[in-house]
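A.B. asks: If you want the building blocks of each chain, they are given just below.
2 protein chains.
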Amino acid sequence: MPEFRQNKATKEWVILAPERGKRPSDFINTEDKKESTQTDKKKCPFCPGNEDQTDKPTLVIPSKGDWQVRVVPNKYAALQPNLATTRTWVGSFLAAKGFGIAEVIIEHPDHNLTLALMELDEVGNVLRAYRERQKEISKNDKINLVTIFRNHGKRAGTSLGHPHSQIIATPIVPPHVRYPMEKAVLHYDKLGTCVFCDMIDEEIRQEERIITNSDNFVALCPFAARSPFETRIYSKKHMPSFVAIDDEEIMELAWVLREVLGKLYYGLNNPNYNYIIRSAPIGDEDTRYLHWYMVIIPKITIPAGFEIGSGIYINTIAPEESARFLRDTKTK
Amino acid sequence: MPEFRQNKATKEWVILAPERGKRPSDFINTEDKKESTQTDKKKCPFCPGNEDQTDKPTLVIPSKGDWQVRVVPNKYAALQPNLATTRTWVGSFLAAKGFGIAEVIIEHPDHNLTLALMELDEVGNVLRAYRERQKEISKNDKINLVTIFRNHGKRAGTSLGHPHSQIIATPIVPPHVRYPMEKAVLHYDKLGTCVFCDMIDEEIRQEERIITNSDNFVALCPFAARSPFETRIYSKKHMPSFVAIDDEEIMELAWVLREVLGKLYYGLNNPNYNYIIRSAPIGDEDTRYLHWYMVIIPKITIPAGFEIGSGIYINTIAPEESARFLRDTKTK
Numbered sequence: 001m002p003e004f005r006q007n008k009a010t011k012e013w014v015i016l017a018p019e020r021g022k023r024p025s026d027f028i029n030t031e032d033k034k035e036s037t038q039t040d041k042k043k044c045p046f047c048p049g050n051e052d053q054t055d056k057p058t059l060v061i062p063s064k065g066d067w068q069v070r071v072v073p074n075k076y077a078a079l080q081p082n083l084a085t086t087r088t089w090v091g092s093f094l095a096a097k098g099f100g101i102a103e104v105i106i107e108h109p110d111h112n113l114t115l116a117l118m119e120l121d122e123v124g125n126v127l128r129a130y131r132e133r134q135k136e137i138s139k140n141d142k143i144n145l146v147t148i149f150r151n152h153g154k155r156a157g158t159s160l161g162h163p164h165s166q167i168i169a170t171p172i173v174p175p176h177v178r179y180p181m182e183k184a185v186l187h188y189d190k191l192g193t194c195v196f197c198d199m200i201d202e203e204i205r206q207e208e209r210i211i212t213n214s215d216n217f218v219a220l221c222p223f224a225a226r227s228p229f230e231t232r233i234y235s236k237k238h239m240p241s242f243v244a245i246d247d248e249e250i251m252e253l254a255w256v257l258r259e260v261l262g263k264l265y266y267g268l269n270n271p272n273y274n275y276i277i278r279s280a281p282i283g284d285e286d287t288r289y290l291h292w293y294m295v296i297i298p299k300i301t302i303p304a305g306f307e308i309g310s311g312i313y314i315n316t317i318a319p320e321e322s323a324r325f326l327r328d329t330k331t332k
Numbered sequence: 001m002p003e004f005r006q007n008k009a010t011k012e013w014v015i016l017a018p019e020r021g022k023r024p025s026d027f028i029n030t031e032d033k034k035e036s037t038q039t040d041k042k043k044c045p046f047c048p049g050n051e052d053q054t055d056k057p058t059l060v061i062p063s064k065g066d067w068q069v070r071v072v073p074n075k076y077a078a079l080q081p082n083l084a085t086t087r088t089w090v091g092s093f094l095a096a097k098g099f100g101i102a103e104v105i106i107e108h109p110d111h112n113l114t115l116a117l118m119e120l121d122e123v124g125n126v127l128r129a130y131r132e133r134q135k136e137i138s139k140n141d142k143i144n145l146v147t148i149f150r151n152h153g154k155r156a157g158t159s160l161g162h163p164h165s166q167i168i169a170t171p172i173v174p175p176h177v178r179y180p181m182e183k184a185v186l187h188y189d190k191l192g193t194c195v196f197c198d199m200i201d202e203e204i205r206q207e208e209r210i211i212t213n214s215d216n217f218v219a220l221c222p223f224a225a226r227s228p229f230e231t232r233i234y235s236k237k238h239m240p241s242f243v244a245i246d247d248e249e250i251m252e253l254a255w256v257l258r259e260v261l262g263k264l265y266y267g268l269n270n271p272n273y274n275y276i277i278r279s280a281p282i283g284d285e286d287t288r289y290l291h292w293y294m295v296i297i298p299k300i301t302i303p304a305g306f307e308i309g310s311g312i313y314i315n316t317i318a319p320e321e322s323a324r325f326l327r328d329t330k331t332k
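Chains B and L supply the protein sequences, listed in that same order.
Numbered by this note's numbering, the letters in the first sequence go through residues 1 to 332 in order.
Numbered by this note's numbering, the letters in the second sequence go through residues 1 to 332 in order.
Next comes chain B alone, as it looks inside the complex (with noise of 0.2 angstroms):
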């Protein structure tokens, strides 16, 4: 059963989950081995055709033909659905039963596509899961927080080749969610702003770090980026959490979200890369000093001693050339 563990020091919390694990003598190391991503088509069970390898789905879409989209709960789940979310005792220590909710979304039917090469329509389909499952998930009391986010390459941690993304939801708001929470109400009592809105509008005026504009989104490269080409995509106007975009909204960010992982994709060669979207926790959908976004991290340094140990990141490339270069970089 996984586990919640909170560091008595620091207040993080981690999840332990052996059971999706190994023994420790299985992570001896060996020679780095070329290992693909890329399973074989017959046994993926992402692939249409396998779909008896998955649980029963829990959105489908479109809801009648052959599926686009297909969300299932995550079967290597590093958190359960029917525990309880009580605090415990061990020692002084505080832990808690892995309670949690794990889905996956499957977001075509062909192995070898990338969301980066899809039809709009396909990318604004994915996109409408996302916010479907999260709006459906946040009703379950015991959740507080939803992060969906996108593993792509090996190096980004993907074990499944076939294009996915996933969605986890903890009883638990993080300390590393909850600081920037902190700092943006101090930023607001003293402002009246919404600390994002303001630094959205500064970069706009900066200009020199967007990479792509729509009406009601941006994409750029932040002012204090921690890597190399990472990448924010924004909403222009106030919105806390990501389930309140419409319906509109959907296909316009589908459209900036495929512009950014096409100039990724043909400018960096199809880069390994993580990307996140952060809403405010479940209850603060409606507050004035948080807002949704989605980062976009290409795998292409690795964070060591320094940048573990400070939280300071080294970054070899100015956000403004990186910004610069995608900009520059033609989708087809």
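None of these hints come from the bench; they were simulated from the model.
Quantities reported herein were computed from a predicted structural model and do not represent experimental measurements.
Errors might be hidden in some of the hints.
The list cannot tell twin chains apart, which means a pair is met if one copy fits it or any two copies do.
What the hints assert, rightly or not - List time: in silico EDC-like cross-link candidates among lysine to aspartate or glutamate, alpha-carbon distance up to 16 angstroms: (1) LYS11 to ASP198; (2) LYS332 to GLU259; (3) LYS299 to ASP26; (4) LYS154 to GLU136; (5) LYS330 to GLU202; (6) LYS135 to ASP286; (7) LYS22 to GLU320; (8) LYS22 to GLU321; (9) LYS332 to GLU249; (10) LYS237 to ASP215; (11) LYS237 to GLU202; (12) LYS43 to GLU132.
Assemble chain L onto chain B, guided by the hints.
C.D. replies: Chain L alone, transformed into the frame defined by chain B:
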């Protein structure tokens, strides 16, 4: 010139160090090449005979005769010592010149030796070099934090195979360090004790995550370990900064550290790892609520979208099991 930049929302700092880096097109994805970190000895700037390839050392041990440890300014430093620390505004964003001190501790003349296999007094000399340089650098009024770290192996971010550690001293205490301090103050104000001392006592009482022990130090896999085999070495007595360690304790720590690194080396076949010594900020060396420690993180798993997005790490091996494995591993 390197530059600090602050994320307006989260108050996290990054370092832009473009002179270390490359042009955007240098980051175009290529198939994983099997690159060795084993530089040719003849060309290795850290090997005996090539001392003229590094700047004048800031410390040599022993001070006469053949050197064992040489500390030199980092030639590819992300920060530079001759800059002002004044914060400046870029529109409404905060930045500062990249002032800081970056040094390399060359640990041994032997290009192919690693810390796990050195003689005890050699390990002791490396630790002494850390302490001496931290002490000296701390005298600089503009420095607020000294981070000592070691990246072992390519996957841990090393570019040079010759055994070495690094020191980076910054004028900034980042949120990553400040937040746990705030928690420690809350704990101190509530209970009147150092939260780290309490945590260490509890770990010793629970016993099952202890790897090894000496009079003054304990090595353990913490209750809320973020990844398999994550190990911490703590001083059993309250000590906020590594600079306070005395010569006798240095030799005891050398034994504990070599024991832990040896267990990783033999038990996991010389895995890639990062280790970090975290000390209280300069000026807080005598505080009652902080505690220096060493954290050793074998580079076995990849933090992916969920970890980056939530700060919640999924650990597939319980620290009790990691500790048992390391406890049972014989060092030769």
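A.B. asks: Which numbered hints does this structure break?
C.D. replies: 4, 5, 9 and 12
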